[in-house]
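All chains, full assembly: derive it from the sequences and hints.
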Amino acid sequence: MAGLYSSSERAKIGLDAYAALGATRTKATSTLFVRHAPRSIKAVHIESLFSAAKGYIGVRHVRSMFFIDFESIAEASNAMVRFQGYRFAHEKGAEHAERGLVIDYDKDLGQAETQKEKRDRIVAGHFENSRSADYFCCECGSKAFRTKAVLLCELPVRSTDGAAVLDEATQLKDLLLLASEKPVSIRRPKGIERQNQLLCRSCGACVAYRAATTSSASYLYVHQSSISLKFVPGAAPSPGAKRRAVAASMEMPSAAAPTEAQSRPTT
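Here UniProt numbering is used: the first residue of the sequence shown is 1, the next is one more, and so on.
Calculated from the structure, these hints are not laboratory results. In this text the structure is predicted, and so the values were computed from the model without any measurement. It is possible that part of the hints are untrue.
[Stated by the list, open to error] Keeping only pairs whose Cα atoms sit at most 25 Å apart, straight-line, the calculated PhoX-like set for lysine-lysine is: (1) Lys54 <-> Lys27; (2) Lys230 <-> Lys148; (3) Lys230 <-> Lys173; (4) Lys143 <-> Lys230; (5) Lys148 <-> Lys173; (6) Lys118 <-> Lys173; (7) Lys27 <-> Lys107; (8) Lys54 <-> Lys42; (9) Lys118 <-> Lys148; (10) Lys118 <-> Lys107; (11) Lys118 <-> Lys27; (12) Lys143 <-> Lys182; (13) Lys143 <-> Lys173; (14) Lys54 <-> Lys107; (15) Lys42 <-> Lys107.
Here it is, written out as structure tokens:
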């Protein structure tokens with residue numbers, strides 16, 4: 001191993017046999033590295049050996065390499081000194097082998113941790129996507145919002161109107177609604193409630209609202225009857241859409257009535 005000193009280097013700098021067990025150029029980490037172990041050595045053998053050491057977490061076997069994780073650098077260092085050069089009894093020619101296990105610190109620990117963090121992010125992303133959903137306006141089918149790692153049916157609801165309570169900071173990924181120009185007042189059993197309504201950007205239907213008394217956006221209250229997980233073609237058009245259709249039909253030029261000359265048969 002590149003990090004460990006050779007016998008000539010140990011003699012040159014005056015390392016005794018015990019000090020040489022833990023002498024290495026590699027920066028100390030909490031993970032030990034065993035490379036080029038005999039093929040007869042399996043992960044179960046490494047685990048049975050190192051599990052007796054204090055602070056042992058586990059062993060990872062990658063091709064011909066073993067990585068042994070400890071809770072601290074000090075505990076990893078103690079294990080390296082303790083098991084450096086260890087020979088397994090079942091290993092062929094162990095009694096004649098010049099060296100047993102060659103143990104060093106894992107010099108690529110930072111890279112390994114980065115890879116683990118990347119894998120954790122991917123797993124978390126897959127979980128988030130599987131628990132997220134798009135919701136559409138029931139009136140016109142336009143996308144209203146997308147939840148983040150939660151479904152609307154799992155959320156608590158208000159006792160006053162049955163609206164689902166969505167935490168915008170942690171449970172909302174996309175919001176495609178338009179805020180109304182002015183707050184509206186809703187009469188409740190205990191008084192008047194002021195709401196900032198959020199409208200569908202296509203048809204203007206009220207899909208959700210926020211409390212007008214809150215200084216910053218915190219919770220979104222969604223009318224569950226106004227949204228759907230899947231838009232079904234043929235849904236009833238909104239009043240606004242009806243008005244636009246009527247206005248368009250009135251603006252269409254009607255066919256001119258035939259003149260007397262045109263209606264008179266020719267002879």
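Hint by hint, here is what the structure shows:
As the CA atoms of Lys54 and Lys27 are separated by approximately 21 Å, the hinted pair is consistent with the 25 Å bound. For the hint linking Lys230 to Lys148, the alpha-carbon distance of about 17 Å falls within 25 Å, and the restraint holds. For the proposed pair Lys230 and Lys173, the alpha carbon gap of about 18 Å is at most 25 Å, so the pair holds. Proximity of Lys143 to Lys230 is assessed by CA-CA distance (about 10 Å); at most 25 Å being required, the pair is judged to hold.
A threshold of 25 Å between alpha carbons decides the hint, and for Lys148 with Lys173 the separation of about 5 Å falls inside it, so the pair holds. Simply put, Lys118 and Lys173 have alpha-carbon atoms about 21 Å apart, close enough for the 25 Å limit, and the pair holds. Between the alpha carbons of Lys27 and Lys107 the distance comes to roughly 7 Å, so the proposed pair stays at or under 25 Å and holds. Annotation: proposed proximity of Lys54 to Lys42 holds, straight-line Cα distance about 21 Å (limit 25 Å).
Restraint check for Lys118 and Lys148: satisfied, since their Cα atoms lie roughly 20 Å apart, inside the 25 Å limit. Of the supplied pair hints, the one linking Lys118 and Lys107 holds, its CA atoms being roughly 19 Å apart against a limit of 25 Å. Restraint check: the Cα-Cα separation between Lys118 and Lys27 comes to about 24 Å, which is no more than 25 Å; the hinted pair holds. Distance check on the hinted pair: Lys143 and Lys182 sit about 23 Å apart at the alpha-carbon level, within 25 Å; holds.
Only pairs whose Cα atoms come within 25 Å are accepted, and Lys143 paired with Lys173 is accepted, the gap being roughly 13 Å. Between Lys54 and Lys107 the alpha-carbon distance is near 22 Å, which keeps this suggested pair within the 25 Å criterion. For the hint pairing Lys42 with Lys107, the CA-to-CA distance comes to about 22 Å; that is within 25 Å, so the pair holds.
Checked against the numbered hints listed earlier, the structure breaks none of them; every hint is satisfied.
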